[in-house]
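Read top to bottom, the protein sequences are chains A and B.
The opening residue of the first sequence carries number 1 in our numbering; numbering runs sequentially from there.
The opening residue of the second sequence carries number 1001 in our numbering; numbering runs sequentially from there.
By construction, these hints were calculated from the structure, which means they are not laboratory data.
Glycine is no exception: its CB is placed at the ideal position from the N, C-alpha and C atoms.
Some chain A residues near chain B, calculated using beta-carbon distances under 10 Å:
no. : residue
1   : P21
2   : L73
3   : I76
4   : Q116
5   : V144
6   : K155
7   : V158
8   : Q165
9   : V176
10  : T179
11  : Y273
12  : A274
13  : L277
14  : T293
15  : M407
Simulated pairs of lysine-lysine, BS3-like, Cα-Cα distance not exceeding 25 Å:
no. : chain 1 : residue 1 : chain 2 : residue 2
16  : B       : K1047     : A       : K140
17  : A       : K30       : B       : K1047
18  : A       : K140      : B       : K1003
19  : B       : K1075     : A       : K30
20  : A       : K436      : A       : K40
21  : A       : K155      : B       : K1006
22  : A       : K155      : B       : K1159
23  : B       : K1159     : A       : K174
24  : B       : K1047     : A       : K437
25  : A       : K436      : B       : K1047
26  : B       : K1133     : A       : K30
Partial pick of chain A residues on the chain B-facing surface, computed with a CB cut under 8 Å:
no. : residue
27  : R24
28  : E26
29  : G53
30  : E55
31  : R141
32  : N142
33  : E279
34  : K282
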Amino acid sequence: MSFDLETAKLSDKLRRVAIEPVSRVEGHGKVTILLDDDDKVHQVRLHIVEFRGFEKFIQGRPYWEVPVMVQRLCGICPVSHHLAASKALDIIVGATQLTPTAEKVRRLMHYGQILQSHALHFFHLSSPDLLFGFESEVGKRNIVGVAAAYPDIAKKGVLLRKFGQEVIRITAGKRVHGTGSIPGGVNKSLSREDRDFLLKDAYQMVSWSREAVHLIKQLHQQNPALYDIFGSFRSNMMSIVAPDGGLDFYHGALRARDADGKIMFDQVDYQGYAQLLSEGVKPWSYMKFPFITALGEENGWYKVGPLARVQNCNHIPTPLADAERNELVAYGKGAPLHATLAYHWARMIEMLFAAETIKDLLHDEDLMGDDLVVSGEHQREGVGVIEAPRGTLIHHYRVGDDDLVTMANLIVSTTHNNQAMNTAVREVAKRYLDGKKLTEGLLNHIEVAIRAFDPCLSCATHALGKMPLEVTLQDADGNLLDRLAKVSHGDD
Amino acid sequence: MNKKIKVATTSLAGCFGCHMSFLDIDERLLELLELIEFDRSPLTDIKICGPCDVGIIEGGVCNAENVHVLREFRKNCKILVAIGACAINGGLPAQRNQLDLRDILEEVYHTSVGLAQGSDIPNDPELPLPLNKVHPIHEVVKIDYFLPGCPPPADAIWKFLTDLIAGRTPKLGHGLLHYD
Ligand code: SF4
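Isolated chain A (complex conformation):
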């Protein structure tokens, strides 16, 4: 297995530069770069450095606790985990068809989540690079700087995020880590006051989201040389799509295209994801490397998330977002866009789709219905898949006769993008860093590429590593708290 710039020969002769922590992303990651005496880049790696062990400690818990537990994987997209787990557990409680009220309340919750997460990511985290430049002054390159230089943009970003969070609060009970969704349905619907409260701002959100699409499109068009080329690499793309091929974040079946846009598989029931996908492990990251099994590890990796979704689907079911999608597709002149920064463009189109969908849903009387839960014949195993803000999210559980979980497997969005992000940073290193004296601004180029994927490194840290040394942890008074013993697999 060889990927360009993944592993240097004679690494001990090279100089190491680390970006640690990767900032303005969620979660814990670092990048290491190995250079020779002429500043030539020999190796670049994005490492995920934390583990939390969720898959293991969910085992032995009653299945109904799972949707509330697993959202603690991630505070940015808790709703995605909450709902992916609920969808898997719907199958386990035999709820093959939810009530219209339950399905629509969950959809509303999820589109609120997409809206708030995309707003947070674009405005709070990424916009400083795009508005000020990648090598602009460090102290200003953040949301505080944006608030000072572009108060209107910052304010709309804050309010778009707020609206998404309010949709979540009303459907889930709490903005972060709510409890609204349960196996087989939801535990509450909307009151008329809730509905009116959200509806009064919904149109404003559609128009601000549209402005955001125009902003990023303008940035792209002002500097096509940068936006088309920066961190660009060819890859397969995967997402779920609706039965008619439309974009749908809540439910659908798996579709993948190759780098030329040709469909490789379509409408595959995700209950069978395990026959389709495998995961590789590399010694230098706790995050696994998924791939399409039939194509193998070297050729079977893919990207997920906004840029994959917007191009993988045939259309977007709301008019304003669909028109914007058509423009993005036309920009590619018949070929898929693979430019890393086009992720932002696609993301803002998705935010517009989310705002339009929320507005339409709020006109649906079913949201205020009182038929909330169904159940049927219990099953032992279920898979739930959803399109989280950052891409396809897979939850898979088995439950024993005693209703306790016996197996959990999670493939989170950021994990699907692991190889894609590593490839993007290597492309950036080759083009912008190779042979140069590294400066803070040049190193920020690497982070700009990572940020485009909006990785949630927090979600991605549910596994753990072996320990090469022994260290001890002492408290403030020097008492021994913990000891790390050497446990290396297979040889001790």
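Please build the complex by placing chain B with the ligand on the supplied structure of chain A, with the hints as guidance.
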């Protein structure tokens, strides 16, 4: 104008939900930015904590790197705040404390379903050493304030910070003290 209060924030073994709740003060964030200045934080590109007035820590301690960052914060921050269940008592990640580290490793990287051939436990020196247990941060350094909740509500964070900035002893009144 008075000098702005310097605030640093970080997430150790947490989910960023406490940071999200901080941002849930919504437009008050823009108001707050008139009074404070961020040092190291996931919102800025400052990678190492400098001298600060207030340090806010989300998440417990699960690996050697967390210990290092926590000590860096204690050294530099006059007031150190544990925010949320994870920082205060380990929270959900501490569920792994009853399990054997090695069993988890084996399962996730060696025996679990769908792994490519030859998969094994990651062991690169770039990866920080995981601790056998997840620890609350007050076991490692002295903490000045504890803000409970998973996450604490945005209004509690707002009240706490505005009290502190105004020089009052922070007090969470009725309705702001949550443990869920
Ligand atoms: S306390 Fe709750 S919200 Fe805060 S980091 Fe821990 S799990 Fe996330």
